[in-house]
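Participant: If you want the building blocks of each chain, they are given just below.
2 protein chains.
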Amino acid sequence: MDNPASGLDILFNPRSVAVIGASNNWNKWGYSTFVNLTGSFAGPVYPVNRREEAVLGCRAYRSVLDIEGDVDLAVFVIPAPAVPDAMRDCVRKGVRTGVIISAGFRETGPEGRALENEVLRIAREGGLRFVGPNCMGLWSAPARLRAYMFALPSMDGPAAFVTQGGNVGGSIMTSAYERGLGFRRYVSCGPAADIQLEDYLAHFGQDDEVKVVLAYIEGLSDGKRFLDTVSQVCLKKPVIVYKPGRSEAVAKAILSHSGSLAGSDEIFDKAMRKAGVTRVHSPEELLDTAIGFLTQPLPKGRNVGIVTGGGSFGVICAEDCAAAGLEVPELPEPSIEALSAIFPPRWSRGNPVDPAGDRNFIAYYLAPKIILELDGIDALIFMGFGSLAGISRMLRSGGQKVFVHHIPEMLSGIEGSTELIGEVADALLAGDSGRVRGLVDPWLPFVALLFGSDVKTVDAFMDILLSSPVLRRALAKTVSAFSLVARQGEAGLEKILELLDDMIALLMAHYLLTYRKPILSTSFSEMPQPIKGASHPYTTSAKAVSVLSKLVDYREHLERAGAFRHELQLCTLLNRVEEGRGAEGDVPAYARHQG
Amino acid sequence: MDNPASGLDILFNPRSVAVIGASNNWNKWGYSTFVNLTGSFAGPVYPVNRREEAVLGCRAYRSVLDIEGDVDLAVFVIPAPAVPDAMRDCVRKGVRTGVIISAGFRETGPEGRALENEVLRIAREGGLRFVGPNCMGLWSAPARLRAYMFALPSMDGPAAFVTQGGNVGGSIMTSAYERGLGFRRYVSCGPAADIQLEDYLAHFGQDDEVKVVLAYIEGLSDGKRFLDTVSQVCLKKPVIVYKPGRSEAVAKAILSHSGSLAGSDEIFDKAMRKAGVTRVHSPEELLDTAIGFLTQPLPKGRNVGIVTGGGSFGVICAEDCAAAGLEVPELPEPSIEALSAIFPPRWSRGNPVDPAGDRNFIAYYLAPKIILELDGIDALIFMGFGSLAGISRMLRSGGQKVFVHHIPEMLSGIEGSTELIGEVADALLAGDSGRVRGLVDPWLPFVALLFGSDVKTVDAFMDILLSSPVLRRALAKTVSAFSLVARQGEAGLEKILELLDDMIALLMAHYLLTYRKPILSTSFSEMPQPIKGASHPYTTSAKAVSVLSKLVDYREHLERAGAFRHELQLCTLLNRVEEGRGAEGDVPAYARHQG
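Just so you know, the protein sequences line up as chains A and B, in that order. Everything in the first sequence is counted per the working numbering, starting at 97 for the first residue and increasing by one. Everything in the second sequence is counted per the working numbering, starting at 97 for the first residue and increasing by one.
Everything labelled a hint here was simulated from the structure, so no lab data went into it. Some hints could be false.
Put simply, identical chains are the same to the list, so a pair is met inside one copy or across any two.
Calculated cross-link-like contacts (lysine to aspartate or glutamate; reagent style EDC-like; alpha-carbon spacing at most 16 Å) [what the hints assert, rightly or not]:
1) K552 x D537
2) K189 x D597
3) K370 x E655
4) K332 x E655
5) K366 x D304
6) K124 x D454
7) K332 x D303
8) K124 x D550
9) K573 x E214
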């Protein structure tokens, strides 16, 4: 292994691919693998098949040696015993990299191991680096390369993921796709005969486009090299490791599955902590944590403010904080006074902040500011009102109209409302806050009525919205949509809810960038929700709290190692919002669909 | 309190309801509460409002005393200071039960407590029993009674739930609705001035239609009575308690939220175990566990068989079992031989059963039978292939065609396929297995090709399907749908996937009833999925395993107490499937939509 990185560069950015075992039979992996590759990769994909003249309309080759052009990557989807010969052909052809999807090597016993060693020897002698065997393949976003055995939903994005378990990796990738998290690289590495787990991790560490590294690990073949590698990577970006193996039974299952021997979990856990690795214990937690790192600043301490739409939510969150070693400190008297000014007398008068069923829904969005301003608060958990869409979905599944339904009747009472809407939107887009105020101020009572608020609260809220160009633009969009309601009916109302939801996400991003403190929100629903700006509602407070504690741990590690730069070092994408350079509708992209 | 149960009967089945504080202003709880009630309850709902002539088109009354007819239930949605007078009117009117949604009582301090005591005294003297104050209301399915402050999605079903936290209760009810779990009763009981937590629990215990009891608890006012009550209920049906309070900070938050003092959690936990209560620590776990109790038999021991579509899933599941105190025993040689006959040589040859990427997808559905037949196996965890819909969704979001897409081209190769389909369906519905065999056997190679299987496996699978009337009917439906594919295109294919998914759910119910052992399946997705028959795919193996361990704990408790009757005592609904009396398309109903 002279320079593992160079091999990986070709692997992730080949100019051409051959699929050895490409098939017309849709019940074979050689079919789905070939379909996947041709569906996304822009360069030539050559099917290699000993018996067919053509595969899915493409001229087939009996051997890679018959291919006229160069082949950078060979994907093997043939029975294990046929791999050595095919590998010899690849070496002769000058192929530099491979992905061996075929199973039937070390995991089947001594004969399989001998076969694997033979393949490895041929490849090493021929200077061919390969992934696998017994793996599912890989995804590389810049090359749109889906060298994968079944259809893998994947998008471009800031994460990189290597997994020793193909199935669990595939289901994590599917969930990530549904949440809107994209990956620059994904590798199902299998038992890793040639390119090792550590090689992928080192590669991800060196790639500045990768902001967070994920790994599913069952066993290590070279513990020292692994530790050295992750220790280095952790100084630059978080490494999140999901590794089972706490029990004897599991060590046995791992042996049978991947042929690798799992070490003592206790030793592993200690070593991980020392290296700065973030360890998780489920697929959900892996994604929750990755998204937390990407969307949130690294908090400077363990003091949490909680703002909740319901007392029981606050109780549960305080419990979760205690379990995770986070503090829920008392609030100073001036903050209690400030909150008393916006909430009814029955509010909890402390942390967790619970307005006790207040219907002044705008006041909920002022409370984070009052909390985040405090030096003694390092992070906010915003419960229950982090997603308007979630709330209105709940209300509507109960068959109830939500506030937006009342917009048409209220607008009909205002003469010239369409013109007023147009003028306000124009003034907002022009950044003329004075003019906006002149137009809007007479109507504050109307807005207050619509949102169950009062003029004073709406006034304070307007000040915040007008202070940021991004929020002004979001408000212009929402205001403009009001004029569509009369024409579009239900669809127009849906649009307004969606725009209000965007505005909340942007407001949270605004608070986050202003105070440089994490804001983790929770939803009313157990349905995982997609990332929206800096806002990714966690399904339970326990999950939000667990992620927050991991952010603190990582910052503490960086500070101990002298490698801490600034809170926002991971969520660079967020800065784009503030600068108004958001890729998609002012909301930063954690994922990008590709062809 | 002479007979708390009698008061509760009227509360849950009133003939008429008055809403004191019903309002035309949609920014008031008196509006949404009134809308909720009139939208579902069949009896008269009287709006009481001091200032309005009518509320939402219904004649309004200045006081309950002005109402001509009898009032069984009064719902209070007025400011706390106005409650005593309104309560006096109710007593004078002869109202027997109430729901006080209004907040501003003991949780606000000594003055509030005095107000609460006054209300309690008036009600007690007048023989009026009430829920609350500071609660969200209740749902009672037989009466279609939604005496609730906001739109609560709810369906009829076998569960009952009392919560001391209205918000967390509401979000749990919403999630339950989305999962397809219905409730016979739901009560947000608030701090419970009059009717106590224990009264609701006792009432649920006595109601034979309630099969599982859920409770969210922050504090207890009478620990002894609570223990006595749940101990009694637990002998009849499972009681699942979600109670935070493990820390000091939490005890404080609870004090501020509900005014009740939380006791030592350690003591509580021990007492719960002794009483037979199933304790959980999150909203998700509460629902996961309730659904587990309702859909699964109570296993006789801790030995788990695991069948998985991927080695890493098996590793993770074995880890989860070890953590939960469940065993994953070795398989006896004859079972290994039987599995070797249906899986390729590379399969794991042990428990967890991992066919290592076998594409013979029908073989996966035979494996459960081989495992469940074993005396040494008490339960099965069926991973990854428990939901076809989940798998095909994953494949399709990756842009790949799934096997059903190939049906039209394959059918086009068979002369007279439409007639054949009709004859097979008729023979299946007639229960004429011999005739089905005569028609189908020549086409087994076709079926094998379609599902990537072989004739021998398809043949064994057919034997199972033909052995049960329910499965024969499900198969008839699926086969009939084949003839629609040509006409309906994509929609027809979706229908087939759905019917195949139903068939898998019914097959699992068949195995479950045959072997009287739990079968918990897991999905590829983190999206919670609705219940389907005996099949409710858990999002992770950790969740399935945790539920399974709770089923074992409960059975052990029942056996210790001499109260164990039979494994299926909870999932009586399942018997309907076997008897062919399923309410909705042969799939048992855990929830039923109502008007």
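Participant: Give a verdict on every hint.
Facilitator: These are the hints, each one checked on the structure:
In this homomeric assembly, K552 and D537 come within 16 Å of each other (Cα to Cα) only inside a single copy, at 11 Å, whereas the closest approach across copies is 78 Å. Taking CA atoms no more than 16 Å apart as the test, K189 paired with D597 passes in neither setting, with 55 Å inside one copy and 47 Å between copies. For the homomeric pair K370 and E655, the shortest alpha-carbon distance inside one copy (13 Å) is at most 16 Å, but the shortest distance between copies (47 Å) is not. When the C-alpha separation of K332 and E655 is checked against a cutoff of 16 Å, the pair qualifies only within one copy, where the shortest distance is 12 Å, while the shortest distance between copies is 56 Å.
For the identical chains of this complex, K366 and D304 are neighbours neither inside a copy (28 Å) nor across copies (52 Å), given an alpha-carbon limit of 16 Å. In this assembly of identical chains, the alpha carbons of K124 and D454 lie at most 16 Å apart only when taken from different copies (10 Å versus 60 Å within one copy). For a Cα distance limit of 16 Å, the shortest separation of K332 from D303 inside one copy, 10 Å, qualifies, whereas the shortest one across copies, 60 Å, does not. Taking the shortest Cα distances, K124 and D550 sit within 16 Å of each other only across copies (14 Å), while inside one copy they are farther apart (65 Å).
In this assembly of identical chains, K573 and E214 lie within 16 Å of each other by CA distance neither inside one copy nor across copies; the values are 64 Å within and 52 Å between.
Violation of the numbered hints given earlier is confined to hints 2, 5 and 9; the remaining hints are satisfied by the structure.
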